[in-house]
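Mapping the sequence shown onto my numbering, position 136 (from 1) lands on 243, and the numbers just tick up by one.
No lab work stands behind these hints: they were computed from the structure.
Wrong hints could be hidden among the right ones.
Calculated lysine-lysine pairs in the DSSO-like style (CA-CA distance at most 30 Å, straight line) [as the list claims (entries may be wrong)]:
| # | residue 1 | residue 2 |
| --- | --- | --- |
| 1 | 265 | 124 |
| 2 | 265 | 134 |
| 3 | 265 | 277 |
| 4 | 294 | 134 |
Computed spacing ranges between beta-carbons, pair by pair [what the hints assert, rightly or not]:
| # | residue 1 | residue 2 | range |
| --- | --- | --- | --- |
| 5 | 140 | 264 | 28 to 38 Å |
| 6 | 306 | 151 | 22 to 32 Å |
| 7 | 264 | 112 | 18 to 28 Å |
| 8 | 112 | 266 | 30 to 40 Å |
| 9 | 264 | 134 | 28 to 38 Å |
| 10 | 292 | 257 | 36 to 46 Å |
| 11 | 111 | 267 | 22 to 32 Å |
| 12 | 267 | 293 | 32 to 42 Å |
| 13 | 148 | 117 | 14 to 24 Å |
| 14 | 266 | 121 | 17 to 27 Å |
| 15 | 267 | 120 | 22 to 32 Å |
Each residue gets a CB set at the ideal place from its N, CA and C atoms; glycine is no exception.
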Amino acid sequence: MKSDIIQLENNTDVLEKILEETEKASKYEGLNTKQIIRERLLAEELINMLPELLEYCNGNFWVTTEGKKISLHISVTLDDIFSADREKLMELSTSKTNASAKGIVNKIRAACEMMLMDYVSLSADVPTDFYSMGMMGEPFNYYISSWSLDMYRQALEKEDDELAWDELEKSIIANIADDVIVGIIGKNVDIIVVKDWEDKA
């Protein structure tokens, strides 16, 4: 099942619609109260990425379900891929006040920004290790290139990085979601948060 598509804008009405659509899909698939609350938390984490992304993109949100497997989708498109937009994106991404290197959600957003920029080199603020450690070696669905939180977790198991593990353990999205996929096709970048609630309390 695919929910209604919500056009993304930076206003509270749209944010509330995202939460309502998430809850509606969760209830339709028979999730219990605890699961619905957790699914809503995942939607709230996605909402936290939107203010920065919508500075230079437009986009849509929707929910898909396969039984109790629920996926939250954000698809963003550069308003215009000419140099002015790339420069604006670069400026936002390299800003010293940008929190792109702090927290899992902001790092996922940074991975999205890097894909939008077609791998243009960014400043040291941008978590390139985080980005490269989660890159998927094989194509995922129809994406030209894709990044996975689960791949990042697996790569991190080989590293002795207490700060990175601590960050994962404190992250709502990393603790609840089975995976987060960031994929690019053309000038569109999708962020998909996946959770399968089958046989889970």
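Hints and how they fare:
Of the pairs offered as hints, the one joining residue 265 and residue 124 is violated, with about 40 Å between alpha carbons and a cut-off of 30 Å exceeded. Pair hint residue 265 plus residue 134 does not hold up; C-alpha atoms about 39 Å apart against a cutoff of 30 Å. Taking the CA atoms of residue 265 and residue 277, the gap is near 20 Å; set against the 30 Å cutoff, the hint holds. At most 30 Å may separate the alpha-carbon atoms for a hinted pair to count; residue 294 and residue 134 exceed this at roughly 34 Å.
The hinted range of 28 to 38 Å is satisfied by residue 140 and residue 264, whose Cβ atoms lie roughly 33 Å apart. Between residue 306 and residue 151, the C-beta spacing of about 25 Å keeps the proposed range 22 to 32 Å intact. Under the hint 18 to 28 Å, the C-beta atoms of residue 264 and residue 112, about 37 Å apart, miss the expected range. Between residue 112 and residue 266 the CB atoms are about 39 Å apart, so this pair conforms to the stated range of 30 to 40 Å.
A beta carbon spacing of about 36 Å between residue 264 and residue 134 agrees with the range 28 to 38 Å that was offered as a hint. Between residue 292 and residue 257 the beta carbons are some 20 Å apart, a value that contradicts the proposed interval 36 to 46 Å. The beta-carbon spacing between residue 111 and residue 267, approximately 46 Å, falls outside the hinted interval of 22 to 32 Å. About 39 Å separates the C-beta atoms of residue 267 and residue 293, a value consistent with the hinted range of 32 to 42 Å.
For residue 148 and residue 117, the Cβ-Cβ distance of about 21 Å falls inside the hinted range of 14 to 24 Å, so the restraint holds. Restraint check, residue 266 to residue 121: a C-beta distance of roughly 38 Å breaks the suggested window 17 to 27 Å. Judged by the Cβ atoms, the range 22 to 32 Å given for residue 267 and residue 120 is violated: they are separated by roughly 46 Å.
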